[in-house]
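> Those protein sequences? They're chains F and B, same order as listed. Just so it is clear: in the first sequence, position 339 is 339 by UniProt numbering, and no numbers are missing. Just so it is clear: in the second sequence, position 38 is 38 by UniProt numbering, and no numbers are missing.
Warning: the hint list may mix true and false statements.
[Said to hold, decoys possible] Partial list, computed: chain F residues near chain B (C-beta under 7 Å): (1) Lys121; (2) Gly351; (3) Asp368; (4) Cys370; (5) Trp385; (6) Arg387.
Think of the hints as simulated: they come from the structure by calculation, not from any bench. C-beta: ideal position from N, C-alpha, C; glycine also.
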Amino acid sequence: MSLQVPYHTKANGAAGGATKAVILVGGASRGTRFRPLSLDVPKPLFDVAGHPIIWHCLTAVAKVPSIHEVYLIGYYDESVFRDFIKDAAHEFPQLTIKYLREYQALGTAGGLYHFRDIILKGRPERLFVLNSDVCCSFPLGEMLRLFEEKDAEAVIMGTRVSEDAATNFGCIVSDAHTRRVLHYVEKPESHISNLINCGVYLFSTEAIFPSIRTAIKRRTDRPNRLIRYPSAENLESSFIAQADEDDEESEKRSEVIRLEQDILSDMADSKQFFVYETQDFWRQIKTAGSAIPANALYLQNAWQSGSPELAQPQPNHIIAPVFIHPTARVDPTAKLGPNVSIGPRAVVGAGARVKESIVLEDSEIKHDACVLYSIIGWNSRVGAWARVEGTPTPVTSHTTSIIKNGVKVQAITILGKECAVGDEVRVQNCVCLPFKELKRDVANEVIM
Amino acid sequence: MPKPLVEFGNKRMILHQIEALAAAGVTDIVLAVNYRPEIMEKYLAEYEKQFGINITISIENEPLGTAGPLKLAEEVLRKDDTPFFVLNSDVTCEYPFKELAAFHKAHGDEGTIVVTKVEEPSKYGVVVHKPNHPSRIDRFVEKPVQFVGNRINAGIYILNPSVIDRIELRPTSIEQETFPAMVRDGQLHSFDLEGFWMDVGQPKDFLTGTCLYLSSLTKKGSKELAPTTLPYVHGGNVLIDPSAKIGKNCRIGPNVTIGPNVVVGDGVRLQRCVLLENSKVKDHAWVKSTIVGWNSTVGKWARLENVTVLGDDVTIGDEIYVNGGSVLPHKTIKANVDVPAIIM
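Full structure from sequences and hints, please.
Written out as structure tokens, the structure is:
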């Protein structure tokens, strides 16, 4: 039984409200692992479960009553998010959404610090920071409750993963009873904890900005950053001098301050830093293939919460959950689902089968074709009786590659923009770059 | 199912042969078998009646090779002095028994073997003729490295009863022992086969043989074939049993055989395949280069290819992919078979 401490918004007459949110969206030079899909659309705007990835973040933010201002921080061109923000302003009228552009990559903490004056305008007490490349239920209300209950300076969302997966993430050691974070280490070499950083934080504005300032100062005082704690094993590598970089380069580098590497570890030592351990789903959206599990999780979540925008289940036609854009045309003899999203103006022909897949806008799946565990890119065509197929990965897995015949291949088959798969052709475990025409069966390849 | 009873082009292998033999005036047939004769008896009794012939089953208790069974059946073969045909049950062609018998009678020697022209003689045993003689065989060259000829033994012979004297009752090979001895005596001739020929003992060759057989039916303008004017027939060479049911929006062919009581669902794509009796291919499945065994079911949106062979009563789940799988009887396949394998 958990103790439900009543949560009160502190009396706050100041305009702007007590809490703000920042969604970190990155830039075009990041997210390269999301290729070939990010070649055509910035990853945060890629449609998963019928909506851009950041829409899911924004929806969670909109559910927190005390938030009225949201900033997207990244280094994409200004124009990239213009339409999205316009649409979101309609959908979430209580929110003011602004894109803050970094002119160079400043790191997740560096970006926050750079825009501190804007963020701190209206003197918000708390700041949510969400990485846009995670897929989860964003239990922000619960994090806020823990924050109040513990009178915390920082709350991090954590989740449990398998021991062998843990070292790929930031690992959190916490006090089982008080949930206080005792130690934080990013991608450790050895096993430390299977409680990992989900990339969702709630900070007291009075704690986070001074912490970043301290980190910047430390960096300026000693620019050759200590990349590991010195220990008997890595004495030699612990004081990496960036001697071969010119001054300008090292100066630039010193401005990159990341929450994960540069801030959280210190916070564990010096601040009232707690972990909210989510029991809900959580997955990273790094590789293009990871859009498939994310799509499945968001659709299931929407289905379980009774979302009206999902297609009504019908025997032999719609196996829930399925999202079909109102402008898409799906033949009544096609069978879709579970976990399928059909984008705007996409066409699904008679007797076609689509399962665990994303079919993007303006694409066409011809009659009797079969699409499983795949992403069909914008304007792509899948021929009659063709089979485009990926491989399911275990529900608990955090990777999107599999080993086939001793070779690592992508589990999810991805067709980039304007690809064409010939009639009766089979494509299995392939990543196909844009504008390719596949006339022959292919398996386990990247088609350039 | 014993191989001679397997339907080839919707007709049991043995029936193709019995029909052709009866048409050539054969009255007695000996089947040299080594297993499960009881299941064959039922069919054979029927054929005896149908063609007015006697069929004797000769059971080997130990394998006697390719010549031994002839000695074992001596009593029947020696009933009179007329020559007898010998054929390998796995061989399909347009059996030229009448012409063969006439040719054999004309040359007057002890034996004639049917030969067929092949593209790559280096894979087979090649027949070499006597100089200046069109049919008398001089020697056999096994897997020749140099071109010596392109005619190979097609596994069909006509022999005089005297040949039985050359055979002892022990495991012995007609190709390795009996024929070379006859060649030495200048007693063996060859007869060129017209049209197609295939040893269909292996699934891959069974499919190829079926294509050849269907092509020969097309060439002959056979009425057995499904008319190419049917909307679902694609590319011709399609043989469909009248009791089979075909769904809507299918594309079938070329080179497809659909057996009795087979059910083909909607939107099914079939090419170069054989669906045996009582099998079922569900909606939107895609089947190529595959033998679907008796009573088997292929699931919706399944894809079978690359010489996949389903035994009796096999079930392939919906959306499953099978690449060159040999699936033993009564199995249910629920996961993809990505690389060729035998599924026990």
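> Report the numbers of all earlier hints that the structure fails to satisfy, in ascending order.
Hint 1 is the one this structure does not satisfy, whereas the remaining hints hold.
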